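Residues per chain, in single letters:
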Amino acid sequence: MSSHASPTLPTSGKLWDGGNEPFGASYGKLMMWFFLLSDAFTFSALLLAYAALRFSSLSWPVPDDVFAGVPFIHGHFPLVFVGIMTFILIMSSVTMVLAVEAGHRGARNEVVKWMIWTILGGIAFLSCQAWEWSHLHHDGAWWGSNPFANADGTPGQVNFTNLFFTITGFHGFHVFSGVVINIIVTIMTALGVFDRRGTYETIEKIGLYWHFVDLVWVFVFTFFYLI
Amino acid sequence: MSGEHSNSFDIKGIWMVFWVLFAITAVEFIIALAIPEAFMAKPIKNVIYIALTLLKAFYIVAYFMHLKFERINLIYSILLPTIFVMGVIAALMYESDYWFTLR
Chain A
1 MSSHASPTLP
11 TSGKLWDGGN
21 EPFGASYGKL
31 MMWFFLLSDA
41 FTFSALLLAY
51 AALRFSSLSW
61 PVPDDVFAGV
71 PFIHGHFPLV
81 FVGIMTFILI
91 MSSVTMVLAV
101 EAGHRGARNE
111 VVKWMIWTIL
121 GGIAFLSCQA
131 WEWSHLHHDG
141 AWWGSNPFAN
151 ADGTPGQVNF
161 TNLFFTITGF
171 HGFHVFSGVV
181 INIIVTIMTA
191 LGVFDRRGTY
201 ETIEKIGLYW
211 HFVDLVWVFV
221 FTFFYLI
Chain B
1001 MSGEHSNSFD
1011 IKGIWMVFWV
1021 LFAITAVEFI
1031 IALAIPEAFM
1041 AKPIKNVIYI
1051 ALTLLKAFYI
1061 VAYFMHLKFE
1071 RINLIYSILL
1081 PTIFVMGVIA
1091 ALMYESDYWF
1101 TLR
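First to last, the protein sequences are chains A and B.
What the first sequence shows, in our numbering, is residues 1 to 227, in sequence order.
What the second sequence shows, in our numbering, is residues 1001 to 1103, in sequence order.
Next comes chain B alone, as it looks inside the complex:
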């Protein structure tokens, strides 16, 4: 089969990715439950959550969905539109801040 790499699908690697995802989720829980907002303000927490979420997304898409090992034009066909959509989400969040000040 084309685009298949025998070394990208070993069982050890799969469990490695699982533990990474598990650890990231655990960190999110620690931030949410164990760190009071006096030490870490909510906006800072939110930025960390989003960064960790994107990291998790990277591991799922790159390794579980195997995108990292596909041909470069397939990677860009999927990645570029996604990045544009994220830009729109960021724009709307900024816009909603403007609505907020209008109220």
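One chain only, chain A, in its complex shape:
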């Protein structure tokens, strides 16, 4: 299968002379890495815009005052809800590694079990984000409108909400895509596609994507909620 070098060409035994896998990874896995690298560039561009706009602004809203809502409870709880979201995403990353680990052993039922937990984590995260978005929207925040005053009391920078909704929205779209792909891959696992193929490498590839989504959230969390 694709994970093995197919020695159809005569090889001289040198790494880059063909008939070999110079990166020690299959074509699909390598391309997933390079896709993630290009995706990292896209997110970096957004974070670049954020850094440039934020630190050239005279003042900026205080995250602790903006992100202080928790569902079903009234009051001021800075960072609590986003902490729950971060925890959910890290947990779903863990269950994804466990699925990959089960795949290495070829344990189909275990892979399905951990993939379902991963999907549930993804859906939980998206639900949290939907709640947070609608909560902020309810307060009057959206692209082009910012009801939250800057730290120095002046009217809030519209760049703040523009960047917040664009960046978390782009990340949320990645989570959504990940959940859809996870569901497809889980169904394929349950149908025994990877048993017939003889390798669970597809789980590894989608796992790379899922961890990347977690990784991006780590940065979004720091830049939007902490700094």
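I should point out that these hints are in silico values taken from the structure, not numbers from a laboratory.
Note that the structure is predicted; figures quoted are calculated from it, not measured.
Some residues of chain A that are not near chain B, with every Cβ distance over 10 Å (derived):
1) H74
2) I116
3) W131
4) E132
5) H135
6) H137
7) G140
8) G153
9) G156
10) L163
11) T166
12) I187
13) G192
14) R196
Derived DMTMM-like pairs: lysine to aspartate or glutamate, alpha-carbon spacing no greater than 25 Å straight-line:
15) A/K205 with A/E110
16) B/K1068 with A/D39
17) A/K113 with B/D1010
18) B/K1045 with A/D64
19) A/K205 with A/D39
20) A/K205 with A/D195
21) A/K205 with B/D1010
22) B/K1045 with B/D1097
23) B/K1042 with A/D64
24) A/K113 with A/E101
25) B/K1068 with A/E101
26) B/K1068 with A/E21
27) A/K205 with A/E101
28) B/K1042 with A/D152
29) A/K113 with A/D195
30) B/K1045 with A/D152
31) B/K1042 with B/D1097
32) B/K1042 with B/E1095
33) B/K1045 with B/E1095
34) B/K1012 with A/E101
35) B/K1042 with A/D65
36) B/K1012 with A/E110
37) B/K1068 with B/D1010
38) A/K205 with A/E21
39) B/K1045 with A/D65
A virtual CB, placed ideally from N, CA and C, is assigned to each residue, including glycine.
Since the structure of chain A is already known, use the hints to place chain B on it.
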């Protein structure tokens, strides 16, 4: 399969990494909520946040994404461009400071 190490994927190791990530996040929360800015100025906090974030990123990429156990040329193909991009981000932050003084 090539590049696979049986000892890099044990379940105990996975949970170890989870607890590390959990602990780093907990530290970030303590700094954000429990330490008043009189004791620790905001710029110092920000440097600590960024350092902890990069540490978390290292654990996710190295262990969850398994990059640490890949071949060295794959590691550099991913790592070097990322480092350059971080350089650009740092440059733009410096530049924005200049815009700030222009205003």
